[in-house]
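Novice: Take a look at the letters that make up each chain.
There are 2 protein chains.
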Amino acid sequence: MGRFSHTNRKLQIIFILLNNMATAIQQWRSEGRIAVWLHIPILQSRFIAPAASLGFCFHHAESDSSTLTLWLGEGPSRLPGYATHQVGVAGAVFDENTRKILVVQDRNKLKNMWKFPGGLSEPGEDIGDTAVREVFEETGIKSEFRSLLSIRQQHTNPGAFGKSDMYIICRLQPCSFTINFCQHECLRCEWMDLNDLVKTENTTPITSRVARLLLYGYREGFDKIDLTMEELPAVYTGLFYKLYHRKLPDKYKTMTLMD
Amino acid sequence: MGRFSHTNRKLQIIFILLNNMATAIQQWRSEGRIAVWLHIPILQSRFIAPAASLGFCFHHAESDSSTLTLWLGEGPSRLPGYATHQVGVAGAVFDENTRKILVVQDRNKLKNMWKFPGGLSEPGEDIGDTAVREVFEETGIKSEFRSLLSIRQQHTNPGAFGKSDMYIICRLQPCSFTINFCQHECLRCEWMDLNDLVKTENTTPITSRVARLLLYGYREGFDKIDLTMEELPAVYTGLFYKLYHRKLPDKYKTMTLMD
Numbered sequence: 001m002g003r004f005s006h007t008n009r010k011l012q013i014i015f016i017l018l019n020n021m022a023t024a025i026q027q028w029r030s031e032g033r034i035a036v037w038l039h040i041p042i043l044q045s046r047f048i049a050p051a052a053s054l055g056f057c058f059h060h061a062e063s064d065s066s067t068l069t070l071w072l073g074e075g076p077s078r079l080p081g082y083a084t085h086q087v088g089v090a091g092a093v094f095d096e097n098t099r100k101i102l103v104v105q106d107r108n109k110l111k112n113m114w115k116f117p118g119g120l121s122e123p124g125e126d127i128g129d130t131a132v133r134e135v136f137e138e139t140g141i142k143s144e145f146r147s148l149l150s151i152r153q154q155h156t157n158p159g160a161f162g163k164s165d166m167y168i169i170c171r172l173q174p175c176s177f178t179i180n181f182c183q184h185e186c187l188r189c190e191w192m193d194l195n196d197l198v199k200t201e202n203t204t205p206i207t208s209r210v211a212r213l214l215l216y217g218y219r220e221g222f223d224k225i226d227l228t229m230e231e232l233p234a235v236y237t238g239l240f241y242k243l244y245h246r247k248l249p250d251k252y253k254t255m256t257l258m259d
Numbered sequence: 001m002g003r004f005s006h007t008n009r010k011l012q013i014i015f016i017l018l019n020n021m022a023t024a025i026q027q028w029r030s031e032g033r034i035a036v037w038l039h040i041p042i043l044q045s046r047f048i049a050p051a052a053s054l055g056f057c058f059h060h061a062e063s064d065s066s067t068l069t070l071w072l073g074e075g076p077s078r079l080p081g082y083a084t085h086q087v088g089v090a091g092a093v094f095d096e097n098t099r100k101i102l103v104v105q106d107r108n109k110l111k112n113m114w115k116f117p118g119g120l121s122e123p124g125e126d127i128g129d130t131a132v133r134e135v136f137e138e139t140g141i142k143s144e145f146r147s148l149l150s151i152r153q154q155h156t157n158p159g160a161f162g163k164s165d166m167y168i169i170c171r172l173q174p175c176s177f178t179i180n181f182c183q184h185e186c187l188r189c190e191w192m193d194l195n196d197l198v199k200t201e202n203t204t205p206i207t208s209r210v211a212r213l214l215l216y217g218y219r220e221g222f223d224k225i226d227l228t229m230e231e232l233p234a235v236y237t238g239l240f241y242k243l244y245h246r247k248l249p250d251k252y253k254t255m256t257l258m259d
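First to last, the sequence lines map onto chains P and F. Letter by letter, the first sequence follows residues 1 to 259 of the UniProt record's numbering. Letter by letter, the second sequence follows residues 1 to 259 of the UniProt record's numbering.
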């Protein structure tokens with residue numbers, strides 16, 4: 001340790017830790033371990049660069065800590081990756097009684113196109129809850145979840161920090177009708193006749209497509225277009241999750257024998 | 001700078017940078033800026049802890065760099081979050097000619113339950129491609145994407161690093177039939193009669209539910225259960241994305257006027 005007597009104590013501690021880490025890595029490798037995980041509180045981040053020099057890289061970081069990994073196994077790393085998608089949810093709030101659909105135009109866009117209100121899911125938030133919350137925040141309209149209508153997957157999406165985007169459109173039932181829209185987010189907001197939304201060119205391809213899907217459902221029954229939601233129990237955790245699929249007739253749900 | 005003459009140059013540089021940063025933050029705040037983003041290469045991570053002491057926290061980190069943010073605006077941060085979901089995809093490979101469905105039992109589980117082969121999406125990978133790849137890696141069976149059948153959203157999922165999980169089940173058409181399963185991942189793999197999968201108790205609730213959905217589709221037409229996929233153009237980027245929803249009759253797709 002004499003070589004550190006002329007410099008500061010922090011560098012000395014880092015040297016000792018890394019020296020031990022390098023030895024430990026050799027040991028773990030000889031024992032057949034395949035990976036090392038390092039969890040580092042943000043205020044201890046001085047250990048990150050030295051760890052990187054031993055081959056560690058970031059797995060993820062959030063708020064006040066980071067996690068680094070070093071793969072010791074054969075071939076490329078088989079460690080599970082971190083979250084790959086942001087989830088955006090839009091609400092198609094449709095009033096069957098008046099055939100009106102709630103649409104907005106975003107502020108600060110190059111083209112003023114009619115679309116459904118929506119936004120990113122908060123951590124831990126269910127799809128339907130995001131739709132109802134975003135619709136209320138943007139338009140002041142209260143609504144209830146009815147079904148899931150459509151899913152879009154998009155990669156290299158601007159604003160997703162290089163990650164992918166899953167965009168889900170839900171059918172919502174309005175519980176209030178007086179618009180009080182957010183001036184920060186929206187330029188316009190209105191109840192539009194569904195036929196007009198189908199006809200307009202002043203909209204996005206996905207909005208136009210979902211408007212046609214809604215018209216199909218309005219005319220021939222929403223069961224033609226809906227994915228319904230049900231809660232089922234998870235096997236290992238005992239928690240419940242929400243599952244969306246086409247409505248399954250009761251006789252198929254309950255059947256236990258056949259041929 | 002005299003107070004640093006007795007210590008090392010690195011600490012001096014950090015002091016200068018932070019002093020400037022603190023001054024810069026005051027300046028930016030007075031100019032009405034609402035946020036600061038710091039992108040730090042992993043080998044420069046010695047700047048992270050000092051930045052944290054000024055109020056910065058991790059937004060995300062991946063591979064060889066981290067990104068920190070400092071919110072300067074009023075109220076809680078309105079900065080967009082990082083990816084919140086991992087996406088898992090399973091393939092329900094069903095052979096209509098023989099009424100057989102491809103099922104596996106995972107290795108290293110407490111209970112040996114029949115389920116569909118599947119796994120996590122790679123970054124930038126489309127849903128259908130994940131299903132086909134995972135089925136091939138686990139079972140040796142080649143298949144083609146047919147439709148999306150079901151979506152599950154789950155929070156507090158073990159193995160998701162505190163993030164949420166979106167699990168999607170696709171219907172696939174087999175192109176080969178000789179099983180050659182991965183001994184690392186699977187304990188068993190077989191072509192099972194769909195009726196037997198519906199009847200067995202030795203399966204997960206979601207597998208049982210999707211087996212019933214498939215039986216409904218097999219008996220009454222897959223159009224009853226399928227979400228079909230189509231590519232549409234994105235408005236701003238010029239890229240294409242994949243959109244999944246119930247099949248829309250042609251007359252609704254092409255209609256331009258009505259009432």
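Derived by calculation from the structure, the hints in this document are not laboratory data. Any given hint might turn out to be false.
Where chains are identical, the list cannot tell them apart; a pair therefore holds if satisfied intra-copy or between any two copies.
Cut-off 30 Å, straight-line C-alpha distance, at most; resulting in silico cross-link-like pairs (DSSO-like, lysine-lysine) [what the hints assert, rightly or not]:
id, residue 1, residue 2
1, Lys251, Lys100
2, Lys142, Lys251
3, Lys224, Lys111
4, Lys109, Lys253
5, Lys111, Lys242
6, Lys224, Lys109
7, Lys253, Lys115
8, Lys111, Lys251
9, Lys199, Lys251
10, Lys109, Lys199
11, Lys224, Lys199
12, Lys253, Lys199
Novice: So, against the hints stated earlier in the document, which numbers end up violated here?
Specialist: 2, 3 and 6
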